[in-house]
Amino acid sequence: DAKTTQPTSMDCAEGRAANLPCNHSTISGNEYVYWYRQIHSQGPQYIIHGLKNNETNEMASLIITEDRKSSTLILPHATLRDTAVYYCIGNNQGAQKLVFGQGTRLTINP
Amino acid sequence: DAGVIQSPRHEVTEMGQEVTLRCKPISGHDYLFWYRQTMMRGLELLIYFNNNVPIDDSGMPEDRFSAKMPNASFSTLKIQPSEPRDSAVYFCASSSVYGSPLHFGNGTRLTVT
Chain A
2 DAKTTQPTSM DCAEGRAANL PCNHSTISGN EYVYWYRQIH SQGPQYIIHG LKNNETNEMA
62 SLIITEDRKS STLILPHATL RDTAVYYCIG NNQGAQKLVF GQGTRLTINP
Chain B
278 DAGVIQSPRH EVTEMGQEVT LRCKPISGHD YLFWYRQTMM RGLELLIYFN NNVPIDDSGM
338 PEDRFSAKMP NASFSTLKIQ PSEPRDSAVY FCASSSVYGS PLHFGNGTRL TVT
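These protein sequences, in sequence, are chains A and B.
Here the first sequence is numbered in this note's numbering, starting from 2 and rising by one per residue.
Here the second sequence is numbered in this note's numbering, starting from 278 and rising by one per residue.
This is chain A alone, in the form it adopts within the complex (with noise of 0.2 angstroms):
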């Protein structure tokens, strides 16, 4: 499975978009994209998943670069419920091994 780089953490104002980026430039073309969210003492929330088109449903839209090399999920109004750690992940979608990185912290201020 591809490995994936987010950034640490960030911050989004209340009301605005929030956009997640996400890099994995080791992907192979049959590896899909998945994002994931875990709010505080919650289990994991899937939110979205796309191989090469940019997917959009009513959590999230995901960008997804020509390259497949990075993608970006986008939160179009965030709320302060957003406030979570948001994963990324690549994986063989033929295979039920999700791997989980360290994720982005995302914190919505009001």
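Simulated from the structure, these hints should not be mistaken for laboratory data.
Please note that a few of the clues may not be correct.
Stated by the list, open to error - The calculated DSS-like cross-link candidates involving lysine-lysine, where the alpha carbons are at most 30 angstroms apart (straight line), are:
| no. | chain 1 | residue 1 | chain 2 | residue 2 |
| --- | --- | --- | --- | --- |
| 1 | A | K4 | A | K98 |
| 2 | B | K301 | A | K98 |
| 3 | A | K98 | B | K355 |
| 4 | A | K4 | A | K53 |
| 5 | A | K98 | A | K53 |
| 6 | B | K345 | B | K355 |
| 7 | B | K345 | A | K98 |
As the list claims (entries may be wrong) - Quick list of the computed label-pair ranges, beta carbon to beta carbon:
| no. | chain 1 | residue 1 | chain 2 | residue 2 | range |
| --- | --- | --- | --- | --- | --- |
| 8 | B | T390 | A | Q43 | 18 to 28 angstroms |
| 9 | B | S284 | A | T57 | 30 to 40 angstroms |
| 10 | B | T315 | A | P8 | 17 to 27 angstroms |
| 11 | A | L52 | B | H287 | 34 to 44 angstroms |
Where a beta carbon is used, it is the ideal one built from N, C-alpha and C, also for glycine.
Following the hints, complete the assembly by docking chain B onto the known chain A.
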């Protein structure tokens, strides 16, 4: 849908005692995972099952750890004997089909004194 249910939420035990953590996956999910989370090592996959059969237990730290899934709606993770370094939050997760997102429970916080 109640989600993945884990019990107990908190467990405090003395070194040397046996500890059993329990998990009820989402109904209809064929895959079940056990993860452990510590400050030092983050989230680590211990073992996962498919249709009640263990598929990969390479993350199980040592023989003191064992996991079973006697049926599709129940799994246990047992530590015998427990040690202080086993203190962590243990998460159970399930998924419906190959490659689908994982749904996590809220974990069991284990403290071994």
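So, going through the hints one by one against the coordinates:
Note on K4 of chain A and K98 of chain A: the hinted pairing holds, with a Cα-Cα distance of about 14 angstroms set against a maximum of 30 angstroms. At roughly 20 angstroms between alpha-carbon atoms, K301 of chain B and K98 of chain A fall within 30 angstroms of each other, so this suggested pair holds. Distance hint between K98 of chain A and K355 of chain B is fulfilled; the C-alpha atoms sit about 21 angstroms from each other, no more than 30 angstroms. Only pairs whose Cα atoms come within 30 angstroms are accepted, and K4 of chain A paired with K53 of chain A is accepted, the gap being roughly 17 angstroms.
For the suggested pair K98 of chain A and K53 of chain A, the alpha carbons sit about 20 angstroms apart, so the restraint of at most 30 angstroms is met. With a CA separation close to 8 angstroms, the supplied pair K345 of chain B and K355 of chain B stays within the 30 angstroms bound. With a C-alpha separation of about 18 angstroms, the suggested pairing of K345 of chain B with K98 of chain A holds against the 30 angstroms cut-off. As the Cβ distance of T390 of chain B to Q43 of chain A is approximately 25 angstroms, the hint placing it in 18 to 28 angstroms holds.
For the hinted restraint 30 to 40 angstroms between S284 of chain B and T57 of chain A, the CB-CB distance of approximately 36 angstroms keeps it satisfied. At roughly 22 angstroms, the beta-carbon separation of T315 of chain B and P8 of chain A lies within the given 17 to 27 angstroms, and the hint holds. Look at L52 of chain A against H287 of chain B: about 40 angstroms separates their beta carbons, and that is inside 34 to 44 angstroms.
Consistency note: the structure conflicts with none of the earlier hints.
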